[in-house]
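Residue numbers (this note's numbering), protein chains in the order written: chain L, 1 to 219; chain A, 1 to 599.
No wet-lab data here; the hints were simulated from the structure.
Any given hint could turn out to be false.
[Said to hold, decoys possible] Below are the DSSO-like pairs computed for lysine-lysine, each with C-alpha atoms no more than 27 Å apart in a straight line: (1) L:LYS96 to A:LYS597; (2) A:LYS101 to A:LYS21; (3) L:LYS204 to A:LYS209.
Given the structure is predicted, the values throughout are model-derived calculations rather than measurements.
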Amino acid sequence: MLRQLRPALMSVLAFTIITGLFFPFAITGISQVLFPKQARGSLIEQNGKIIGSELIGQTFAQPGYFHSRPSAAGGGYDAGASSGSNLGPTSSKLIKGIEDDPATKDADESYSGIPQLAVAYRKENNLAADASVPADAVTRSASGLDPEISPENAALQAPRVAAARKLGEDAVRKLVDENTAGRTLGLFGEPRVNVVLLNLALDKAAPDSKPKPAASPAP
Amino acid sequence: MTFNGILQIALFFGVLLLTVKPMGLFMARVFTGERTFLSPVFGPVERGLYRLFGVREDEDMKWTTYAFAMLAFSVMGLFLTYILLRLQGVLPLNPQGYGPKQMTPDLAFNTAVSFTTNTNWQSYAPDYTLSYFSNMVALAPHNWMSAATGIAVALALVRGFARRSAEGIGNFWVDATRAILYVLLPISLFYALILVQQGVPQNFAEYTKAATLEGASQTIGQGPVASQEAIKMLGTNGGGFFNANSAHPYENPTPLTNFLEMLSIFLIPAALTYTFGKMVGNVRQGWALLGAMSVMFLVGTFVCYGFEAAGNPQVQALGVPGGNYEGKEVRFGIANSALFAAITTAASCGAVNSMHDSFTPIGGLIPLFNIMSGEVIFGGVGAGLYGMLMFAILAVFIAGLMVGRTPEYLGKKIEQYEVKMAMLATLVLAASILGGTALGANLNLPKEPESTFATKLNQFPGTAYGSSSDTFYGATYNNVNNSGPHGLTEILYAYTSATGNNGSAFAGITANTPFYNVTLGLAMLIGRFLMIIPLLAIAGSLAAKKLVPASAGTFPTDTGTFVLLLIGVVLIVGALTYLPALALGPIVEQFQMSGGKLF
């Protein structure tokens with residue numbers, strides 16, 4: 001039996017080197033040559049600065065931009081701390097939300113549950129108080145970094161964006177269509193709109209109405 | 001449920017079935033030592049490795065030697081990983097500067113055990129805990145080695161049935177080496193490159209600092225993701241490079257990668273049933289096992305999809321119609337999220353593309369029950385086959401009891417010893433799941449830790465999946481993210497996932513505390529090795545037996561009747577053992593959700 005100790009030690013070392021060093025370095029080398037952009041994270045550069053990744057969502061608050069889904073990653077779209085809300089179907093925090101406790105002045109205990117998110121969504125998009133809201137607009141994604149929204153969600157936001165940018169609604173809808181991906185092969189996945197790419201396209205199509213960067217960047 | 005959703009599930013299953021025979025045939029050739037088209041490439045490497053290990057290819061092992069070799073391999077890997085994790089602060093490829101502060105002793109123990117046992121439970125959030133080196137060198141090799149171990153053990157058990165009056169059940173080193181070289185490596189190579197093409201990063205750069213369109217700063221985690229993602233799915237490991245696992249757009253960016261990731265989870269477990277049939281000389285025996293797995297898998301998937309698509313009435317009352325979208329990604333939608341959840345838990349993978357914690361109660365019960373079934377619905381690579389063969393032994397035993405005849409399976413008499421060992425494996429798992437849950441749901445640890453060591457530990461932030469909290473000590477049932485029955489389900493899911501070597505989670509639970517790290521670590525060791533060792537004992541005992549010629553009284557095990565009996569045994573063992581716990585968790589929560597009760 002003790003004869004098995006040498007193969008145990010040698011095999012663990014050998015496989016660690018093969019699978020833990022050779023393999024990832026080989027994949028890195030090949031992919032840097034074949035797919036350099038994707039291997040680096042599909043980053044978007046503008047005027048020499050990195051402004052994000054095509055695959056990673058961002059927080060948008062200004063009316064002239066399409067808004068991403070609510071996020072539970074860090075303070076929102078923190079791509080160094082991906083996470084969902086992990087709130088269950090009978091969670092009061094999720095279904096009712098939490099109001100700020102006025103007794104503690106320094107701390108903000110409030111948490112936007114689905115009703116608060118739905119009210120805010122209806123208000124910013126000028127919808128009736130009892131209008132239906134697309135589910136993806138008021139739920140937090142699994143990663144907290146979901147780069148995409150549903151086409152229904154984008155369609156409801158289009159009039160607000162058009163008004164804020166003083167553009168025709170048709171022009172905005174056209175951009176939405178151009179940035180909508182259908183199901184792969186017409187079968188797999190769901191139709192979706194990439195928010196970062198759509199907003200970039202908006203800025204490109206109408207640079208004059210580009211919303212100014214927020215005075216103090218969010219933390 | 002939509003037509004497209006049902007179609008996607010049906011297409012996935014159809015493609016899977018097409019892979020079973022070619023892949024199963026290929027593995028049968030590899031593991032019986034025949035030449036394959038890969039032999040010219042890997043043959044010399046294989047022989048070189050045997051020389052390095054000091055083993056002879058033709059040496060046959062008794063079951064005790066086989067088990068010892070398997071244990072020595074696992075323990076050696078476990079120690080190496082523990083040391084590398086603790087030393088990550090002084091090791092290279094650490095652009096974010098993570099050190100022992102993030103990787104505490106109890107977390108390193110839990111993590112090393114987790115990856116060694118093919119569980120890949122993650123008490124931590126990798127994004128802000130692990131260096132690239134830790135991910136790549138300390139953890140990822142286990143994705144290969146633990147998968148190879150699972151395949152080897154399954155082969156040993158199959159040989160127990162296939163051989164007659166034999167002493168040995170094969171050579172562990174040969175089985176493990178061939179699994180890595182001929183099966184895992186070539187597939188992972190192409191698979192990883194496809195993932196990169198689709199957008200999965202593969203670099204060693206530090207986290208990217210971006211200035212967003214609105215002028216905010218965003219830090220984007222990077223790393224050698226694709227090389228780890230491929231084997232993470234193919235080896236049914238499931239340990240994510242990022243906290244959000246396969247829901248993270250960098251791990252699973254498109255519907256195509258999602259399809260490949262689902263397919264690669266089931267590829268080897270499904271094909272091994274054919275390999276089994278081929279090796280015992282009757283492929284119908286393999287199809288029978290696959291049939292039982294398929295029925296249970298499809299029923300579970302559609303129940304899960306149905307409840308997720310029906311959604312939460314309390315959310316719908318707020319003017320948000322449709323299915324349950326909390327914790328799901330837009331590109332996958334509800335059908336692919338439910339399908340992925342069913343696959344990853346049936347197969348002991350544990351990768352997730354949606355957050356199971358936010359599923360509807362019954363939608364979340366399905367993943368939980370899939371694990372409780374003993375990870376035999378396809379199951380982990382190797383682990384699914386050997387688990388299902390254990391249930392097959394119990395099924396013929398029960399059939400034998402009904403007609404008062406000594407049971408046989410594949411021409412081997414199933415006697416007291418085999419049934420005892422099979423029951424041992426079953427009961428130990430149940431004790432670990434229910435005992436661990438009872439402890440976690442009731443324990444109240446002293447609030448003020450006295451030793452300075454414990455005080456020091458207490459200062460570290462909770463870096464588990466969910467929010468950080470101050471629940472390192474005190475009542476362990478306060479570590480949950482949800483109250484009421486859902487909180488109990490979080491604890492039950494944790495011990496079920498650990499014992500079943502699955503690794504997925506109701507991720508709201510704060511598991512990165514000394515109590516949970518240690519007890520979940522023990523549950524993973526129990527679930528892995530107290531299952532494997534009795535099964536290897538069965539393999540040894542069966543290999544030594546003579547063949548009993550089939551007679552009129554033999555219960556045929558390649559028919560629909562046997563498939564139904566096998567399903568019945570799996571469900572009855574699972575249901576009888578876990579129904580009370582499930583009734584207090586997801587089942588009561590389903591009624592409360594309908595009635596509008598919140599916690």
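Here's how the hints hold up against the structure:
no.	hint	verdict
1	L:LYS96 to A:LYS597	holds (11 Å)
2	A:LYS101 to A:LYS21	violated (49 Å)
3	L:LYS204 to A:LYS209	holds (23 Å)
The structure fails hint 2 only (numbered hints given earlier).
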